[in-house]
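*Asks:* Residues per chain, in single letters:
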Amino acid sequence: MKKSFLIQFSILLLLIIFTNSGIRSLVTPEKSEAGDGNGIRVDLTEDVSIFDSSPMDLEPRQGGTLVVAVSAEPENLNYYTSTSAAATRFLDYIYEPLLDYNYETWTFERPIIAEEFNISEDGKTFTFKLRENCYWHDGQPLTAIDILFSFKALLNPFVDDAPLRSSYSKVIEAHIEGPYFFSITTSDTYFRNLELLGGLAIMPKHIWDPKGLMDRFSIADLQNPSVTREEASVREFAEAFNTHAQGRPVGDDAEQIIGSGPYKFEKWVTGDYMSLIRNDNYWADNHPYIEGFSDKGAYLDRIVIKSITDPTAMLTALKSGELDFLPRMRAVQYFEQTNTADFVEKFQKVSYVVPAYSYIGWNNDKPYFSDKRVRQAMTMLINLEAFNKYVIYGMGIPTIGPFYIYGDQYNHNIEPWPYDPIRAVELIEEAGWVDTDGDGLRDKDGIPFSFTFSISAGSKNSKYLSLMMKEDLRKVGIEVNIRQLEWSVYVENLRDRQFDVVSLLWIGGLETDPYQIWHSDNIGDRGSNYIGFRNAEADSLLIAAQSEMDKTKRNALYYRFQEILHEEQPYTFMHYQRDPGAYLKEFRGAKWIPIRPGYKFYSWWRAGAVQGAPL
Amino acid sequence: MNQMAPARTYSQIVSSQFKRNRLAVLSLNVIFVLLFIFIFADFLANDKPIVMRYKGETYFPVFREYGVNMLGWNWQDEFKTQQFKILESRYEPGDWAIYPVIPYSPNEYNLEVKLQPPGLVHLFGTDELGRDVLSQMIHGARVSLLVGFVAVAIYVAIGILLGALAGFYGGVIDIIIQRLIEIMITFPRMFLIITIVAVMETQSIINIMIILGLTGWTGVARFTRAEFLKVKNEDYVVAAKALGYKDFRTIFRHVLPNTLTPVLVTATFGVAAAILIESGLSFLGFGAPPEQATWGSLLSSARDMLPSGWWLTTFPGLAIFITVTVYNLVGEGLRDALDPRLKQ
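Chains Y and F supply the protein sequences, listed in that same order. Position one of the first sequence corresponds to residue -16 (our numbering), numbered consecutively onward. Position one of the second sequence corresponds to residue 10 (our numbering), numbered consecutively onward.
Source of the hints: derived by calculation from the structure; they are not laboratory data. Among these hints, one or two may not hold up.
[Stated by the list, open to error] Some chain Y residues near chain F, calculated using beta-carbon distances under 7 Å: (1) Ala369; (2) Tyr402; (3) Gly421; (4) Ala440; (5) Lys458.
[To be verified] Cut-off 25 Å, straight-line C-alpha distance, at most; resulting in silico cross-link-like pairs (DSS-like, lysine-lysine): (6) Y/Lys458 / F/Lys64; (7) F/Lys123 / Y/Lys453; (8) F/Lys89 / Y/Lys372; (9) Y/Lys458 / F/Lys241; (10) F/Lys123 / F/Lys94; (11) F/Lys89 / Y/Lys458; (12) Y/Lys443 / F/Lys123; (13) Y/Lys372 / Y/Lys453; (14) F/Lys89 / Y/Lys453; (15) F/Lys123 / Y/Lys427; (16) Y/Lys458 / F/Lys94; (17) Y/Lys289 / Y/Lys250; (18) Y/Lys453 / F/Lys94.
Nothing here was measured: the structure is a model prediction, and the numbers come from that model. Even glycine gets a Cβ: it sits at the ideal position worked out from N, Cα and C.
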């Protein structure tokens, strides 16, 4: 026993010494402030243009494999029932919607499956004329029948897609008018309707409903509980849909996912990778695909998406050549560990803004945070500037509200709260929190000011934030207890509103509807307003904005809404994030866009003598 | 006729045997140093002065902290915020303060000096938040040693009790306890611990100590049982029974003292193993809560920082290495010294 211990430890000791001394000599001594070492910084400012980070010295060409890393593996690959972002990002290359963003104007109008569309005068009926040269990966034509089926599957109340379906509750009827004409009607006008209806990924009916179980029902039937409860085939379809083999195609002999997009599904090896291969029969293979972005649907022959959870392992894989593109690394890796001459020569470093902001959420129903003065004080007690500068290496862009900082909805007239601990203490005392019993902790009505900060176990930034807060608030007589939770437990507690303080990231888009997160209807019952923000004026603004189709008027309502949020401070809004990444310089056409995840592989291609090389 | 050597007691024999092993003696001294750090951590690394003269009064802030934490005292009004270093600007002539050797507390952060390599100000450098690594290691030593001792104390107590019952009574009790031991050792220990920790509501060092204690007793129980089987038919035990002593007294006064030595040797190795497991758990993020510095969590947070932050792994790694090694060496020395066959 003792011998094995000694041997183990001698080895450990030697390893520590060797790794440290060995690698250290490779580090270049000087850290350049700008330029090569720190890569390209992509800030898609107000004109939201596309940014190309590779040299444009060569003509794009087809071929090659790209290996990219993601941190999470999806549970399943059913587009409607999966709740993981990893699944959506993967399936976006396989399935396609009717419309998407135009990459030059950033309005939702670029035709994909739909060639043209029309909105009726009352703004409630949307008609789409489909492209006649769209085919599924198995060669079947894509027609209006598939579009109608997709909406039926989505709206089937027994399909396991409640989070997605809730956005479509206003759809009342849909019709097919010939094989390539489709129209859909909603009960109310809503500014995001075109994006929702046109943005739904279309699934093939002949694969998912070969028996035609849904044929008999109209959309109106599916929205009618008395029909869906009576009819057994509604439930039968939903069960088949939820457990369909295409939703979890694991292993070598799995059924291929049939979609219509520029990439075809190749393989999913759980715990290792998922892969895509180029669809040579894509309608845009010889046509321009996205104006100003990509002339083809795909240049790369194959895309391999590896799942690696640990950031250190990811960077090691990139350095060792196992990966070609690492989209997201830790700021400290980007600034401290990728400065070697070798790395900079081989890889292009780039940091790009994505529409996701970090925040600290105060549970407004807890006694400590029910007073807005305390919430304002909390914001002023946290030195966000220092956190941004030193912990995340200046990768954050301070934000005052929930809208995308480079979008039209963001109110730039609001000044962020300053870091001002003295004013903060005054506010806390005004609110009645003073140390009455002399134990060094503030209290009010017998409740000591001692709260729990829940952080997700994997997040180092939250951990550092909580440690800073604990130390800073201790000095003003407030106790912070830090609780580390596994992600699944964390989310569960969030939905049940069992927390004092959380710190998280909301992922948004260019234009968002804040109703789900901020309206008081969504408090409780697992709604997204889990911090319990209640404000009558904000509620009426949110409702009014939803049906306001005039953009300027709508944004005026949202400007006022942001003023209320700023005053109330239900969250401490922290930063919009820049994601730091790196890719092999051999790849060209790496372009950065202001919609998540910030890049699309349609434009990527591989230069050099690797045409069609195997993995 | 041979001259009889002066009679020596058992402990004298053992201690002279032990002293022959130089490495073990050296290790024992290292353990004493660790114990010193364990007890006086607050006086070695702290952001509060040990003694200070402030506006004509003398204060003992470190002692006061013990009072505040354990006896429910309060801080004096002028020290409510416990920011003694800021008070320096308000010093009057004649005011002074004596700080510990390392004038930083483990949680005191200063972002402006983050990731400093070892130097004169921060002997072992600073981490990602600018906290002093040496201070964290000194306070981390407390956690590591406490876990080692308490966990082993718990499992030695359980092991001795169950082993004694099994060995002394035999029969059904023996069979039940033996099967219990077998069930316990079929579970891989680390796996079992991680499973238990994962379902725990809160993270704390006390949980870790209890879990380590509850899962580690099987070896001790087996040793004790075997020793009991060996001793229970000795004359003095039979005599104790014949005198009509209660079983309790027989077991704990007569048999147990004669079976303890091998258990003590395993316990020494056990302390080393427990420290190692705690470090492992903290490294994996299952151990101490985030605000508590332990050697394992220091190593874990340093993992992302290689290769540039070499000091973050080297020093905690060395600390674990040295501690585990010295406990093993002492255990080894103790075992040899207690072994009558090796007596010279």
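*Asks:* Next, verify each hint and record whether it holds.
*Replies:* Each hint, compared with the structure:
1. Ala369: holds, 5 Å
2. Tyr402: violated, 13 Å
3. Gly421: Status holds, d = 5 Å.
4. Ala440: holds, 6 Å
5. Lys458: With a minimum Cβ separation of about 5 Å from chain F (threshold 7 Å), the hint on Y/Lys458 holds.
6. Y/Lys458 / F/Lys64: holds, 22 Å
7. F/Lys123 / Y/Lys453: holds, 18 Å
8. F/Lys89 / Y/Lys372: Violated: F/Lys89 and Y/Lys372 sit about 30 Å apart, past 25 Å.
9. Y/Lys458 / F/Lys241: Roughly 62 Å separates the two Cα atoms, so the pair is violated.
10. F/Lys123 / F/Lys94: holds, 19 Å
11. F/Lys89 / Y/Lys458: OK: F/Lys89 and Y/Lys458 at ~8 Å, within 25 Å.
12. Y/Lys443 / F/Lys123: Status holds; Cα separation ~15 Å.
13. Y/Lys372 / Y/Lys453: At roughly 19 Å apart (the allowed maximum being 25 Å), Y/Lys453 and Y/Lys372 satisfy the hint.
14. F/Lys89 / Y/Lys453: The given pair, whose Cα atoms are some 16 Å apart, holds under the 25 Å limit.
15. F/Lys123 / Y/Lys427: This hinted pair is violated, its Cα atoms lying about 37 Å apart.
16. Y/Lys458 / F/Lys94: holds, 13 Å
17. Y/Lys289 / Y/Lys250: The given pair, whose Cα atoms are some 12 Å apart, holds under the 25 Å limit.
18. Y/Lys453 / F/Lys94: holds, 18 Å
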